[in-house]
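The task is simple: from the sequences and hints, build the whole structure.
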Amino acid sequence: MTVDDTQWPRFQVFKQDRLDVPFENVGSVHAPDAEMALQNARDVFVRRPDCAGLWVVPAEAILEESGRVPTAGGEESQGGGTASTEAFLVFVKQDQSGTHIYRGQVEAPSPTHALILARSSLDDPDRPGIVWWVCPARAVVRSEPDEAESMFGPARGKLYRQPGYYRADSMMRAIKARRRREQDEASE
Amino acid sequence: MSEPLEALAEYVLAMADDELILSHRDSEWTGHAPILEEDIAFTNIALDEMGHAAVWYTIRAELLGAEPEAYSDRLVFQRSAEDYRCTPLVELPNGDWAFSMLRQYLFDIGEKVRLEGLLSSGHTPIAHAAAKLRPEEAYHERHTRAWVLRLGQGTPESRGRMQAALDGLWSFAPGLFALDPSAEPASQVGLVPDAGRLRQRWEDEVKMTLNEAGLTIPEGVAPVTDGRRKHTEHLAGLLTELQSVARADPIAAW
Numbered sequence: 006m007t008v009d010d011t012q013w014p015r016f017q018v019f020k021q022d023r024l025d026v027p028f029e030n031v032g033s034v035h036a037p038d039a040e041m042a043l044q045n046a047r048d049v050f051v052r053r054p055d056c057a058g059l060w061v062v063p064a065e066a067i068l069e070e071s072g073r074v075p076t077a078g079g080e081e082s083q084g085g086g087t088a089s090t091e092a093f094l095v096f097v098k099q100d101q102s103g104t105h106i107y108r109g110q111v112e113a114p115s116p117t118h119a120l121i122l123a124r125s126s127l128d129d130p131d132r133p134g135i136v137w138w139v140c141p142a143r144a145v146v147r148s149e150p151d152e153a154e155s156m157f158g159p160a161r162g163k164l165y166r167q168p169g170y171y172r173a174d175s176m177m178r179a180i181k182a183r184r185r186r187e188q189d190e191a192s193e
Numbered sequence: 288m289s290e291p292l293e294a295l296a297e298y299v300l301a302m303a304d305d306e307l308i309l310s311h312r313d314s315e316w317t318g319h320a321p322i323l324e325e326d327i328a329f330t331n332i333a334l335d336e337m338g339h340a341a342v343w344y345t346i347r348a349e350l351l352g353a354e355p356e357a358y359s360d361r362l363v364f365q366r367s368a369e370d371y372r373c374t375p376l377v378e379l380p381n382g383d384w385a386f387s388m389l390r391q392y393l394f395d396i397g398e399k400v401r402l403e404g405l406l407s408s409g410h411t412p413i414a415h416a417a418a419k420l421r422p423e424e425a426y427h428e429r430h431t432r433a434w435v436l437r438l439g440q441g442t443p444e445s446r447g448r449m450q451a452a453l454d455g456l457w458s459f460a461p462g463l464f465a466l467d468p469s470a471e472p473a474s475q476v477g478l479v480p481d482a483g484r485l486r487q488r489w490e491d492e493v494k495m496t497l498n499e500a501g502l503t504i505p506e507g508v509a510p511v512t513d514g515r516r517k518h519t520e521h522l523a524g525l526l527t528e529l530q531s532v533a534r535a536d537p538i539a540a541w
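Chains as they are written, first to last, in the working numbering: chain A, 6 to 193; chain B, 288 to 541.
It should be emphasised that the hints constitute simulated quantities derived from the structure, not laboratory data. Misleading hints may appear alongside valid ones.
Claimed, not checked - Chain B side only, calculated, beta carbon under 7 angstroms to chain A, not exhaustive:
{"hint": "1", "residue": "Ile327"}
{"hint": "2", "residue": "Tyr426"}
{"hint": "3", "residue": "His430"}
In this text, all values refer to a predicted model and were calculated from it rather than measured experimentally. Glycine included, every Cβ here is placed at the ideal spot set by N, Cα and C.
Structure below.
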């Protein structure tokens, strides 16, 4: 860390809206550690209802790749089949305005290998991924299912956080509509 | 209305006032917290506590047969300091981040043990409300406890600030369990949990966390036990700000 860099580490946040849809990248938070990152993620990204789970991953644990397929080579491939493997999570973005969505897991000896494996085995030929992320599964900190009620339940009962809850909104519309009518009448 | 139910309405008022005033203090951090994520997190907690206050004011209104929304607004915006029943702990100015985090933590554990006790209240709406609010409190505790531990175990500066916060707050904290005399009959008939037992459970739990955080619990400090009718000089100023907009146009519709 340099003198100028007083920021806490950054964590990418992945949110699952319902149990039957994949986790999706919603943005990032800064936090001193993973546990606080998970809490910050909850407060920043679960203000509105519809959340079944959260993952946070240190941004530095993610290897990103876009464009051409990397080739296995250099130091990482030396030693060949003797290297031990571990599980990597794979996220892929399919269009420029989209986000990274969880695609699945691969077993690989290194992040680079994981990327190659992900692109060859998890791509959708009809909608090829344009930016790929992999991170070791051990780097992911996940919300606990038995904490879902306290983490995500309360947002459902908080309609007052939505602008539509307030009459001020409809009153403002009425005032604007009246102004428009008055202006129309004046110009006739 | 029977005496115990009247007393219950007073008990509920004290809970609501504690939540409201602490919520306002917490909300003063909005835009000023050390980092953006914490700003949002603590603002969330402030909003939650205000929501809890609204729940208790509504229950009081129903006990008294008043229309909940108008009655709650009147209680919040048109009452003067001497009619509030909050405890001094929640009135104290925010101090630094350590002070605000520790106060919120001490309050959260107090609220947790109280809600657990209210689950078996003989007044059903209160038991239901307690069940509804508990998950939210579990989240607050998780957040504020994490901060107490991290600051307590952190750098010499963070530890020093947390210790100073504890030294400043410890005598005020037991006031959370103070009962206004008008609320006592509710406790005698089992509508609300025994305050002494709540305080003991609270003390056991917060002492464990404070020890884990490496903090020294002040000894021989007499608790501030002035009840809920004597307020610090800070409450009047807080209410002036809290009520300024509503008082500027008392009949405005929101």
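Do the hints match the structure? See the list:
1. Ile327: 5 angstroms, holds
2. Tyr426: 5 angstroms, holds
3. His430: 5 angstroms, holds
Violated hints: none; the structure is consistent with every hint.
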